[in-house]
Amino acid sequence: MEFFDPLLAAMAPVTFLYIVVGVVLGIVVGSIPGLTGSMLIALSLPFTFSMEPVHAISMLCAMYVGAVSGSLITAILMRMPGTAASVMTTFDGYPMTEQGKAGRAIGLSIVASFVGGIISWFFLVMLARPLSIIAVRFSPFDFFAMIMMALALLVVLSRGNMIKGLIAGFFGMLIALPGLDPIGGNYRFTYGFNELNDGFKLLPVLVGLFAGNQVLSEVLRPGGARATGGVKQDLKGMFMGLRDFSAHWFGMIRASLIGTWIGILPGVGANIGSAFAYSVAKSFSRRPQEFGKGSEEGVIASEAANNATVGGALVPLFALGIPGSVVDAILIGGLIIHGLQPGPGLYRANPEFVETIFASVLIANVVMLGVMYLATGLIARIASVPTKLLLPGVLVLCVIGSFALANSWFDVGVMLLFAVVGFAMERKDYPLAPLVIGLVLAPIAETSLRQATMFTGGSVWPLLATPVPIVCALLTAAMWYMMFRIRNND
Amino acid sequence: MTDPAPKGFGRIFAIIADLHVEIGILVFCGIIFMGTGRTTGPVFDVIGPDLLPTATAGIVAGLVLIHVVLQVIRSLREPLPTVRIDPQSLRNAVIFTAATLLFVTAVAQGWLVFALATAVFMTVTTMLLSNRVHWRDAAFGAVIGLGLGIVLQYTFTQILFIDLPG
Numbered sequence: 001m002e003f004f005d006p007l008l009a010a011m012a013p014v015t016f017l018y019i020v021v022g023v024v025l026g027i028v029v030g031s032i033p034g035l036t037g038s039m040l041i042a043l044s045l046p047f048t049f050s051m052e053p054v055h056a057i058s059m060l061c062a063m064y065v066g067a068v069s070g071s072l073i074t075a076i077l078m079r080m081p082g083t084a085a086s087v088m089t090t091f092d093g094y095p096m097t098e099q100g101k102a103g104r105a106i107g108l109s110i111v112a113s114f115v116g117g118i119i120s121w122f123f124l125v126m127l128a129r130p131l132s133i134i135a136v137r138f139s140p141f142d143f144f145a146m147i148m149m150a151l152a153l154l155v156v157l158s159r160g161n162m163i164k165g166l167i168a169g170f171f172g173m174l175i176a177l178p179g180l181d182p183i184g185g186n187y188r189f190t191y192g193f194n195e196l197n198d199g200f201k202l203l204p205v206l207v208g209l210f211a212g213n214q215v216l217s218e219v220l221r222p223g224g225a226r227a228t229g230g231v232k233q234d235l236k237g238m239f240m241g242l243r244d245f246s247a248h249w250f251g252m253i254r255a256s257l258i259g260t261w262i263g264i265l266p267g268v269g270a271n272i273g274s275a276f277a278y279s280v281a282k283s284f285s286r287r288p289q290e291f292g293k294g295s296e297e298g299v300i301a302s303e304a305a306n307n308a309t310v311g312g313a314l315v316p317l318f319a320l321g322i323p324g325s326v327v328d329a330i331l332i333g334g335l336i337i338h339g340l341q342p343g344p345g346l347y348r349a350n351p352e353f354v355e356t357i358f359a360s361v362l363i364a365n366v367v368m369l370g371v372m373y374l375a376t377g378l379i380a381r382i383a384s385v386p387t388k389l390l391l392p393g394v395l396v397l398c399v400i401g402s403f404a405l406a407n408s409w410f411d412v413g414v415m416l417l418f419a420v421v422g423f424a425m426e427r428k429d430y431p432l433a434p435l436v437i438g439l440v441l442a443p444i445a446e447t448s449l450r451q452a453t454m455f456t457g458g459s460v461w462p463l464l465a466t467p468v469p470i471v472c473a474l475l476t477a478a479m480w481y482m483m484f485r486i487r488n489n490d
Numbered sequence: 001m002t003d004p005a006p007k008g009f010g011r012i013f014a015i016i017a018d019l020h021v022e023i024g025i026l027v028f029c030g031i032i033f034m035g036t037g038r039t040t041g042p043v044f045d046v047i048g049p050d051l052l053p054t055a056t057a058g059i060v061a062g063l064v065l066i067h068v069v070l071q072v073i074r075s076l077r078e079p080l081p082t083v084r085i086d087p088q089s090l091r092n093a094v095i096f097t098a099a100t101l102l103f104v105t106a107v108a109q110g111w112l113v114f115a116l117a118t119a120v121f122m123t124v125t126t127m128l129l130s131n132r133v134h135w136r137d138a139a140f141g142a143v144i145g146l147g148l149g150i151v152l153q154y155t156f157t158q159i160l161f162i163d164l165p166g
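Chains A and B, in that order, give the protein sequences. Read in my numbering, the first sequence has 49 at position 49, and its numbers run on one by one without any break. Read in my numbering, the second sequence has 72 at position 72, and its numbers run on one by one without any break.
To be clear, the hints were calculated from the coordinates, so they are not data collected in a lab. You may find that some hints are simply not true.
Said to hold, decoys possible - Sample of chain B residues lacking proximity to chain A, with all beta carbon distances greater than 12 angstroms (derived):
hint	residue
1	V72
2	L76
3	R77
4	E78
5	W135
Stated by the list, open to error - For lysine to aspartate or glutamate, the following DMTMM-like pairs were computed, each having C-alpha atoms within a straight-line distance of at most 20 angstroms:
hint	chain 1	residue 1	chain 2	residue 2
6	A	K428	B	D18
7	A	K428	B	D86
8	A	K201	B	D18
9	A	K101	A	D198
10	A	K282	A	D244
11	A	K293	A	D244
12	A	K428	B	E78
13	A	K101	A	E352
14	A	K293	A	D5
All C-beta atoms, glycine included, are put in the ideal place defined by N, C-alpha and C.
Please take these sequences and the hints and turn them into a complete structure.
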């Protein structure tokens, strides 16, 4: 792989500008409790319609990097993580703030985030291309098996009731199936409604599930939408010295590797990566009693891991077309909107595009480092803006973004419907991640299975007797067993 | 906020109400089952267009029924206290939802241009979420709403070349 050509392409003025805009927006939105990176990326999709694909996807990936990083600000300063990725950071970051070490906590977190992002970027570059080359040889049965594995892993690794996770995952698949039959070309389950000929379009469903649902949650919050209040913290001591590096380099690298691996697992996101890395850091720490009371190791583990999941999650996305996280599922929507077919063929057919995106991720991490160091104080003040002023604007964006897709008010109705569906399901502790992954992967799964059975005349024997499905089944079984043991011990 | 668990028919209604998500999912599965067999696929497509949707609906329905049975058994053994939603939050949600539907309808039917409808919507909802009727909140919502509406209208129609209503 050429290194400098994609880097130069990503540093072209327009592309670089989109990356900076994406990182800044991601950091700001990620830092505001009640708004999430998923919401920002889903809402940004309509704005990318007229952009060049490389600009659009670069900006969306930069938002991803920024959002995961930005959430540490309010997690540390206000004990309110901007996104779920920084929940573990609050455990030690906020106690450090209470001890007058807010600046140090933020400084350590920023560097850990940067290191995690760079290490996972390295694995992204090293793994994506070979994996995509191997994946081109996969049969449709192999893809079907991998998709089922992605769903199964997501269910077992998500928090909460596993039956609810399975219901959510298969329900997501079910939502994707009405509309145009991808093989036969006839309409099915539309009952004569022309508006359903394209099924429930991905964008309005995603906007409704993530943005509309979030608005409803905030409106229904007891006491009204949250008001974070002003931040008056002294942020001295943000810059790390060599002594800090020598004390924490091993922890950063370990957490980054854990986050990268968790990110590569299809369907699993930053919150699980940071939780896992935090647990490992505590287990191996010489001072485990300090965890939860202001341990620097805890802050570093959480932030290095959650940023590492970003690069890790992009590996299956670009190599296999399988989203590594919920945000990647939204990125798949972005690729499709811009006429790019996700899958192993994407890298093969568009190597310059994919490598430029990888370079953009690298640049986004560097920009993130600079923006966070320079503007943390300002961002913390922005994050204090009462949500009551933001929620109506977010909803307007949801409406107009859904309408803009196809000039259809039906899509707006779908968005509102799924805002209610997402809200109701989350209140009943149904995880939305399996639903979204099922929604995105169902068309691929169905097409793969039907194509495969056309080749074999209806036999599904290859699903049981070829290497890839067997490995997928064994890996799934191993992860289920491991997580079952962990849940029982908990 | 919680109340003591209801008894008798009240308990049954409470259990059913608690299963609103599951009932909704089962209804959707039923709709899929009703549509089975109405579409044909190519002769060489062994599975056909209906098998996967039907099988998926069957799996979902089966899992939901298992969950419902477990939930009902749990509720009958250890009745869950009724959880009440904060009345003010519920009021806000109802008004917010109504305002949203009115906003969408007003723009879709052409009663108001997009920028003006946005201004009205944000005025109402900002005051609602502030939990008070104050001219300052109304003015703030109106100004931000009008500005947002104009900016979005311009951005979509002149920069992104996407038609917007009004």
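Inset, instruction - List in ascending order the numbers of the hints, as given earlier, that are violated by the structure. - result: Going through the list in order, the structure violates hints 8, 9, 13 and 14 and respects the others.
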